[in-house]
Amino acid sequence: MVDPIKVYPSKPAKVYFYGTCLVDLLYPDAGIAGVELLEREGIEVLFPRNQTCCGQPAYTSGYHDQARSVARAQLDLFPGDWPIVVPSGSCGGMMRKHYPALFKDTTDEVKAAEVAGRVWELTDFLLNVCHIKLEDLGEPTTVAMHTSCSARREMGVAEVGPKLLGQLKKVNLVEQIRPEECCGFGGTFAIRHPEISGAMVSEKVDTLVEAGAKQFVTTDCGCLMNIAGYAEKNQKPLEGQHILSFLWARTRGKGGQQS
Amino acid sequence: MSARETILQRLRNRTGGELTVPECDFSVLERPDWSTTERVERFEKMIESVHGEVHHCTEDSWMDRLAEVLATRGARNLLVAKAHEIGQSLRSADRNDLPELLIYDEPIESWQAHLFNEVDVSITSTRGGIAETGSLILWPTVDEPRLMSLVAPVHIAILKASELYTTFHEAMKAQNWAAGMPTNALLISGPSKTADIEQTLAYGVHGPKELIVLMIE
Amino acid sequence: MSETAEHADHHIDVKQFHPRAQAAIHNPKIRKNFRSAMDGLMAKRKAAFEGWDLETLRDLGANVRLRALANLPDLLEQLENKLTENGIKVHWAVDGDEACRIVRDICKARDAITVIKGKSMVSEEMELNHYLEEQGIEALESDLGEYIVQLAGETPSHIIMPAIHKNTGEISKLLHEKTGTDLSNDVEYLTASARQQLREKFMNADVGVSGVNFAVAETGTLCLVENEGNGRMTTTVPPCHIAVTGIEKVVPGMEDVSALLALLTRSATGQHITTYFNMISGPRKAEELDGPEEVHLVLVDNGRSSIYQDDELLDTLRCIRCGACMNHCPVYTRVGGHAYGTTYPGPIGKILMPHLIGLDEGRHLPSASSLCGACGEVCPVKIPIPDLLVRLRQESVDGDRLHPAKVRGHGAKRSAMEAMIWKGWAWMHASPGVYRFGTGVASKLRALQPASAGAWTNYRTAPKLAAKTLHQRMKERGQ
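Protein chains in written order, with my numbering: chain A, 908 to 1166; chain B, 1428 to 1644; chain C, 179 to 657.
So that you can see chain A by itself, here it is in the shape it has in the complex (with noise of 0.2 Å):
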């Protein structure tokens, strides 16, 4: 499923980024935070502002044609050869991934195809295409890393964000056991199977803590609201954040251009 040879671009003056609809309407700090990473590595970022949402929830429903319909207007927001930057290894994975399929047979199957090559998980391009070099200013802590699964196998990235992690002198990063497991979010998942979910998600929680991790970075939202929430509702001592929030606010302030 990963892509057997990634080859990266080498360095872009633009980017488009892709903000997803999660992002947009819970963690929007986490896209800021994005923004700023690129824009101190000395990108421009263009945030089409015609953007809604991938279509994954329709698609893997099964709702196929509603998802072609969403997934469509997604298309025609990207004009410029630039890459296209994603806050998340799911609605990165849909793209890149499944667009392809999606629209094949279809007029749009060339043009798929085209913005699909062009798709990056954002801290994958940080690290692999920006080479970005991090300087922890924050207080020493502890963190665990919940690579959430499309990141892992559909984007290949599950190496990323342990070496961004590493390179923040006074994060302790350490590792749950079963890191690979799904955390049971799933999407529609959660909703059509609440106690496989709930279960799921309970013993990720568990290793977590286990683990001797007050809080958790994580590559995607879903991951993000589906294990922090339940450590809130059962009152556990974990508190999540979407990785490029952690990045930022450990590193904002230095080197940049803006901010």
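Treat the hints with care, since some could be wrong.
Subject to a maximum C-alpha distance of 27 Å in a straight line, what follows is the list of computed BS3-like cross-link-like pairs (lysine-lysine) [stated by the list, open to error]:
id, chain 1, residue 1, chain 2, residue 2
1, A, LYS918, C, LYS653
2, C, LYS463, C, LYS267
3, C, LYS646, A, LYS1140
4, C, LYS584, A, LYS1011
5, C, LYS642, A, LYS1143
6, A, LYS1011, C, LYS601
Keep in mind that the hints were calculated from the coordinates and are not lab data.
Add chains B and C to chain A, keeping to what the hints say.
Using the frame of chain A, we list chains B and C on its own:
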């Protein structure tokens, strides 16, 4: 229309049309050309990891080792082939440190209960072994029937180190299995075992509890 | 038809997945048994592939299977010819019932009243034991796990480890009640007593029934993978051996087998190879002293030729039944095999069973996945299981006008209400102005957001809307 025709017709008239036939590159199964010593070491390591036992011996000493193995187990008898040189030499050795020698020379029907209940140990030849997985290759014959390696609580197999192959892929090619197979062929890699009760390993569930390899070097 | 209806009437209702899953989740014993077993199996698989170029090996596995499927009708004919030449009688069955009747007829012709069985998932598919019992023929399982499950009157909860849901204490109690074995937690003792009981059965059985792991067309060889030796007993001791297998199990040559065998046992149980790899190419010859005098192969279609019609669904038929997908499935690990109520549980069951029982009957199966992708990642023949789950989700709601659904019972899950919701959702998200207006208003009214959001908030707090959307904040930044 018969079931056969129905099925074949459905497969032949596939609505999706002809399928493309992919290339198969088997080179990933190949291993560097190990020396005999390396093959012996690997074989031993692998078969011991699954509770098999290896005794190193020579053309001259294997019968002594066999006698020791049988003595420590208090074997009352040993099932041997009639025509194979292993059986022949055991019978002609006329040793007093060997238990009673039994010969599998009648159809199973005539002595099934005896074979199942009374035979303590059997000894067979092999058609070589596989180092990578610690496996013995057996092609049962009229002389060494299928059940010789299955029914007794202890199975002893004689393996020549020079007949160790590195991989199954190599063995199969070298022995040209594609040209035709016997009614029954086997790879045996350790004693019979199960983990069906709470993943706890137990040996000798249906076949031999012990597999002993006399490796002739 | 009455035979079919009668045969099917003790089916578990697959549609009752939810209550069974819920019960399993609240059963600490099930949770513990499966968690520890799956953790062990995952670790063993990983260790077994150390030093291998696993991606290349999986590519080979996938190509070997695809090559076989591409030539399936020719290979089946070649297999039939070769087996016939070798003295093995070949039978064809369109479905499980026909396969059952074939087995029965072979038994009747020999006046057989006892059948001993080696492990065979296809025979589970056929519900052969049940059928034979109805015909007055005793069918006894000889694989220890299957034997335990049969004594308990249950079905396997895992395709490789059928009794994995039971612990030693339960098995001891069961063996004590059913066979008179002393109560004991000593696994060696329990195993030894089963050996004793089953030896008698092997000696007296009229017919042995087994499955097949690979059927080799080139040489006419039936390959069986096992550890216990019960498979060898089953196929060697009784005077008649009947092998049953799905039509997709055929491969061109022994070389293909060497690749698939390397993948199968390592993926399944983390073994480099199983204790026995049993290759059967014919019945006992006149001069031979043991082995069955008759060998039969029953080739069972049972929905497979329908799967074969579609390029994407076809990948389902690559499966070599290793069980790695279930061992790595976070859903299977939580609910165990019985919750599914299907012959094949876990991810492979979710993509295979809808074809066997219909997507109406199996409507809940494709949705019971978080699409985490662990199954596809470990599949030794690279079946894109998550993609197939999405495809079946689409078919279960008739969700794609461009690709009309094909699987029997499609559309059964579609509800007017849900379709309406998705249409509304699509309209909003395909209309950027409407979307921005709607999300902007929602953010402004976030104080009114209810604390409860259905099933989600049974376990978690509701996600909180931000005061301003990213769109609004980017606009403020002039971007």
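We went through each hint and held it up to the structure:
1. A:LYS918 <-> C:LYS653: The given pair, whose Cα atoms are some 26 Å apart, holds under the 27 Å limit.
2. C:LYS463 <-> C:LYS267: 15 Å, holds
3. C:LYS646 <-> A:LYS1140: Between LYS646 of chain C and LYS1140 of chain A the Cα gap is close to 24 Å, so the pair holds against 27 Å.
4. C:LYS584 <-> A:LYS1011: It holds: about 18 Å lies between the C-alpha atoms, which stays within 27 Å.
5. C:LYS642 <-> A:LYS1143: 18 Å, holds
6. A:LYS1011 <-> C:LYS601: 22 Å, holds
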